Amino acid sequence: MQISITALSKTYRGDVRALTDVTLELAPGTTGLLGANGAGKTTLMRILTGIIRPTTGTVTVGGHDLASTAGRTAVKRLLGYLPQELDLYPDLTGREFLDYVALLKGIDDKPARHHQIDTLLDRVALTEVARRRVGGYSGGMKRRLGIAQALLGDPRLVIVDEPTAGLDPEERMRFRSLLASLGENRTVILSTHILDDVAQTCPRVTVLAAGRLVYDGTTTALAGQATGHTFTVTTPGPPPAGEHAVVTAAATPTGTTYRIVTDTPPPGATPVDPGLEDGYLALMRAARAATAAESNR
Amino acid sequence: MSALLGPALTGSLRYEALMAARQRGLWVATVPLVALSLLAAVASPSLNGLRETSAQIGAWAVVINLFSTLGLAVALADRFARARRRGLPDLLDATAARPAVRMIGGLLGSLGAALIPVTVAMLTVGAGFAVDRRDPSALGWALLALLVVIVPAALLATAFAATLGLLVPVPLARVLVVGAWGWATVWNTSIIPAPTVTGTVLSPLGDYTAHGWLGAPALYAGHGAAVLSPPVTPTSAAIALAALLGATVVLLVLARALRAART
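Protein chains in written order, with numbering that gives the first Met the number 0: chain S, 0 to 296; chain C, 0 to 262.
What the hints contain is simulated information worked out from the structure, not anything from laboratory work.
Computed from a predicted model, the values in this text were never measured in an experiment.
One should not assume that every hint holds.
Claimed, not checked - Stretches of chain C that chain S covers, calculated by requiring three or more beta carbons in the stretch to come under 8 Å of a beta carbon on chain S: (1) 5 to 15; (2) 18 to 27; (3) 83 to 94.
A virtual CB, placed ideally from N, CA and C, is assigned to each residue, including glycine.
Only chain S is shown next, with the shape it has when bound in the complex (with noise of 0.2 Å):
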């Protein structure tokens, strides 16, 4: 399913500018969508999800405008969205929620309903624990019936907003080849602050920077942004003088060894080849630089 964002704003009231002039195609398959708190990632979902109306801009959705409320009507109908935070009702079981849930999404046929509720359970390792009410599931629990729901009536638009935050590492590895799975024919967005995530489940991923586009492509060539610019460098402490951001520091038995990324390698510095966490590093920087340019002049 495409989607096609055309010169897209949102201002809130008070003058709170969320997102700037936004213009991005979405192919079908799965794309990361990264950005610091703020950029303006959840905005942008929830304009493509139909809850909110941008302030200017265009957004087709599988050739539905979003700006008439059939079109909403009829992207809805092909969505499945996680939001960020999610209090689900305690007083309902897991099977109950995913019941209620299909019947707002119009899965109207009851053994069709109730096969696909059984058949996501289980695909979210929840079976065992369906009969037992939300109030009592585990954070990790809620997570994953938070992505079931979203996957209910097999929508070909997913829209995920950390979906990983909450889970434990094996969950999370279970999450990422399910959604890896389901790029596989259809539109997946995840937005998320965990860059191996995108790195391992993302063939594309776009970036926002203060409600702006700052790149739309590859996630390998995400990576490359930092080509030249990722160094390793080892100090008896603290980190080396000068302008740079430090990706990690491990210590070692000589030291700390700090991986920067920077235009000025320090002294003793030695060039690696840059990860996607070190290209997004140099991005962002990138990104603040031109900003802070802008607004001097």
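Following the hints, complete the assembly by docking chain C onto the known chain S.
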């Protein structure tokens, strides 16, 4: 059921009823008040010994309504506010189900569960009079009284409480509902001379319908503010019923607007 009502309304009715029924607070708020209202009706000399079975049951229905409906409105003041749990509004708004359908289904489903003890009480009253007076029509009168005296009042009171719960914190809404219920049903202007809808067609006490259609003695009906308090007749009873249903619709529209404004 879903083929008849549509899956979204079916789901809202079914699962909101289930969630309400699983809330201990609902039963704590309603069952003692239903018991108290039955005790009050049994003990009141002015409510008993009426010749007509319909009048007798209508009079009991007004007393049961006075106490029980307050309990269920207080218990259900959180119905609209609880749908604002983190992330849930977005999740529900991202489904194709219309918000108005979800809201109506949520209110009716919760109310359906809350009305169980009241319905049991009214059917017990009907069965009791049917046996005592050897008049099987008592069961039909009890059902009619439930539908025209208690259900419209419960709809209005619950819609009011749940809408108030969107504007102020739910515990405060519960306190305000108690005051509003007293003001709208049994406010005595000779004791506290202040404007009230008690005694008018806008009062949810139900004595317009109980008196106009069932022949029960009128408690306040016809003694309220002049224009809104016509003499009690079957026609004015119909006006009172329509006024309650209309006010409920207005509150639901307001609640929908409040929710939409916060999206």
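Okay, the hints, checked on the actual structure:
{"no.": "1", "hint": "5 to 15", "result": "holds (count 7)"}
{"no.": "2", "hint": "18 to 27", "result": "holds (count 3)"}
{"no.": "3", "hint": "83 to 94", "result": "holds (count 10)"}
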